[in-house]
Each structure stands twice: as C-alpha cells, then as structure tokens.
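Peer 1: When you get a sec, could you build the whole thing from the sequences and use the hints?
So the sequence lines, in the order shown, correspond to chains A and B. So for the first sequence, the working numbering puts the first residue at 1; every next one is plus one. So for the second sequence, the working numbering puts the first residue at 1; every next one is plus one.
These are calculated hints, taken from the structure and not from any lab test. Among the clues, some could well be false.
Unchecked claim - Below, in silico cross-link-like pairs of lysine to aspartate or glutamate (EDC-like), each with a Cα-Cα straight-line distance of 20 Å or less:
{"id": "1", "chain 1": "B", "residue 1": "Lys49", "chain 2": "A", "residue 2": "Asp24"}
{"id": "2", "chain 1": "A", "residue 1": "Lys103", "chain 2": "B", "residue 2": "Glu88"}
{"id": "3", "chain 1": "A", "residue 1": "Lys51", "chain 2": "A", "residue 2": "Glu68"}
{"id": "4", "chain 1": "A", "residue 1": "Lys103", "chain 2": "B", "residue 2": "Glu58"}
{"id": "5", "chain 1": "A", "residue 1": "Lys54", "chain 2": "A", "residue 2": "Glu68"}
{"id": "6", "chain 1": "A", "residue 1": "Lys15", "chain 2": "A", "residue 2": "Glu85"}
{"id": "7", "chain 1": "A", "residue 1": "Lys44", "chain 2": "B", "residue 2": "Asp95"}
{"id": "8", "chain 1": "A", "residue 1": "Lys15", "chain 2": "A", "residue 2": "Asp30"}
{"id": "9", "chain 1": "A", "residue 1": "Lys44", "chain 2": "B", "residue 2": "Glu88"}
{"id": "10", "chain 1": "A", "residue 1": "Lys103", "chain 2": "B", "residue 2": "Asp95"}
{"id": "11", "chain 1": "B", "residue 1": "Lys49", "chain 2": "B", "residue 2": "Asp95"}
{"id": "12", "chain 1": "A", "residue 1": "Lys44", "chain 2": "A", "residue 2": "Glu102"}
{"id": "13", "chain 1": "A", "residue 1": "Lys41", "chain 2": "B", "residue 2": "Asp8"}
{"id": "14", "chain 1": "A", "residue 1": "Lys54", "chain 2": "A", "residue 2": "Glu14"}
{"id": "15", "chain 1": "A", "residue 1": "Lys44", "chain 2": "B", "residue 2": "Glu16"}
{"id": "16", "chain 1": "A", "residue 1": "Lys103", "chain 2": "A", "residue 2": "Asp30"}
{"id": "17", "chain 1": "B", "residue 1": "Lys49", "chain 2": "B", "residue 2": "Glu66"}
{"id": "18", "chain 1": "B", "residue 1": "Lys49", "chain 2": "B", "residue 2": "Glu64"}
{"id": "19", "chain 1": "A", "residue 1": "Lys103", "chain 2": "B", "residue 2": "Glu15"}
{"id": "20", "chain 1": "B", "residue 1": "Lys69", "chain 2": "B", "residue 2": "Glu15"}
{"id": "21", "chain 1": "A", "residue 1": "Lys15", "chain 2": "A", "residue 2": "Glu102"}
{"id": "22", "chain 1": "A", "residue 1": "Lys54", "chain 2": "A", "residue 2": "Asp30"}
{"id": "23", "chain 1": "B", "residue 1": "Lys78", "chain 2": "B", "residue 2": "Asp95"}
{"id": "24", "chain 1": "A", "residue 1": "Lys103", "chain 2": "B", "residue 2": "Glu64"}
{"id": "25", "chain 1": "B", "residue 1": "Lys78", "chain 2": "B", "residue 2": "Glu16"}
{"id": "26", "chain 1": "A", "residue 1": "Lys41", "chain 2": "B", "residue 2": "Glu88"}
{"id": "27", "chain 1": "A", "residue 1": "Lys41", "chain 2": "A", "residue 2": "Glu102"}
As the list claims (entries may be wrong) - Covered by chain A, according to a simulated footprint, are these stretches of chain B (three or more residues, beta-carbon under 8 Å):
{"id": "28", "segment": "11 to 22"}
{"id": "29", "segment": "41 to 53"}
Glycine is no exception: its CB is placed at the ideal position from the N, C-alpha and C atoms.
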Amino acid sequence: EAGVTQFPSHSVIEKGQTVTLRCDPISGHDNLYWYRRVMGKEIKFLLHFVKESKQDESGMPNNRFLAERTGGTYSTLKVQPAELEDSGVYFCASSQGVTVGEKLFFGSGTQLSVL
Amino acid sequence: AQSVTQLDSQVPVFEEAPVELRCNYSSSVSVYLFWYVQYPNQGLQLLLKYLSGSTLVESINGFEAEFNKSQTSFHLRKPSVHISDTAEYFCAVSDPNTGNQFYFGTGTSLTVIP
Numbered sequence: 001e002a003g004v005t006q007f008p009s010h011s012v013i014e015k016g017q018t019v020t021l022r023c024d025p026i027s028g029h030d031n032l033y034w035y036r037r038v039m040g041k042e043i044k045f046l047l048h049f050v051k052e053s054k055q056d057e058s059g060m061p062n063n064r065f066l067a068e069r070t071g072g073t074y075s076t077l078k079v080q081p082a083e084l085e086d087s088g089v090y091f092c093a094s095s096q097g098v099t100v101g102e103k104l105f106f107g108s109g110t111q112l113s114v115l
Numbered sequence: 001a002q003s004v005t006q007l008d009s010q011v012p013v014f015e016e017a018p019v020e021l022r023c024n025y026s027s028s029v030s031v032y033l034f035w036y037v038q039y040p041n042q043g044l045q046l047l048l049k050y051l052s053g054s055t056l057v058e059s060i061n062g063f064e065a066e067f068n069k070s071q072t073s074f075h076l077r078k079p080s081v082h083i084s085d086t087a088e089y090f091c092a093v094s095d096p097n098t099g100n101q102f103y104f105g106t107g108t109s110l111t112v113i114p
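Peer 2: Printed below as a string of structure tokens:
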C-alpha cells in the first residue's frame, strides 16, 4: 500500500513567486491535513479537508495560501506570492476516519525555501 | 488552546545508554497524548499514544511513555538505545473537543553515538 506522497520534496523560489505543493493521501482516506514547520519551531496545523470540503482552515496564516482538494483525492497548497517567512517544511497527513486519537499517516514533507 | 513544550532540542546519547525525552503540555481539559518519530528523509510515524486507561504506554521498539496528569507530562524513555533510534521525536496533544487537530512540540533530535 502506498503511503502519503508529497511533491516536490524540495522547492527553492524567490520572494514574490508562486509555488504549488501537492499531496496524495493514502487511497480511501477521506481526511487530509496540512501542517507546517518553520525552522526550529513546532509543527503547526494549517487546515483539514474531509473529502473535498474544508472542515477547518483556522491555521491558514493569511490569504496568500490557498488549499484545494478537487474530487476529494489529492490536494494542492498554493502560496502566492511567497514571502520569506513562508519558508519551512510543509507536511501532509491523512486518516481514514475522524475518531479522536486516530493515527495520522504523514508524508515526508516539502522543504520550501523562499529567498 | 493547547501547547506542548519539549525543552530539549538536541539529545546526544551513547549506544546502549538510557534516554529520556521530556514533554510537558498545558491544558485545562483532558487531552490525548502522542509521540511521533521522524527518521531521516521520511514522514512522521506514530510511536505511541495515550488515550485512556493505563498511564504507561509502550511501543513495539522498546520505547515507553508515562502520562502524569499532576505534572502534565508525557516523557518518553528507553532503557537502552540503538543507532537506529537516531531520529527527531515530536510530542503532540489533541483535544477531544477539536477532533483530530494536533498540537505539536518543537521536536527533540536524538543522536545515538556509537
């Protein structure tokens, strides 16, 4: 069974450019989460999809970030325009249900560097 | 809101020595507690979790953690570490009232020295 995959693994862009990160969850997992870790800090929640609907987007930092999950399969996270403080590792995770305490399956992350 | 504190950002330890990675959380309500591990170039993996019942929980690779409600701690321990335990370890909590939103600590990088 394939795990959660994220693409690209690394991205280096200049301030003001646009970047799109992609996440393919485990097949059959309705729940998809985006997290971000800024260097040396904690991993922070960004948002949660249930199928194609945004269940909770309270962690999205500002309107330069746009997440989509068309068709309830893969998800994209677009940053436009990117700023220096957007640098960090973006993790995607998925789970089958929403039972509290249910295990999340994480991807290996996308390292984003904004110069 | 919940918060998680991992005071030790880096922990070097010799092979076969014991280790303890500290985790404290702040919460006025009951929470669920987790340890995730990230090996180099891999995603985070669940190591162990406490939801209810026995306050001592164990993983399949010899780690254990004890939930201490009075001290709001969930420290991770292993009596004898291996080289393969070198990884970054994240403590996390989730609030039963907010579904599966996790609050993570800043992580502890464990380096096992041969």
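Peer 1: Taking the earlier hints as the rules, which of them does this structure contradict?
Peer 2: 1, 8, 14, 15, 19, 20, 21, 23, 27 and 28
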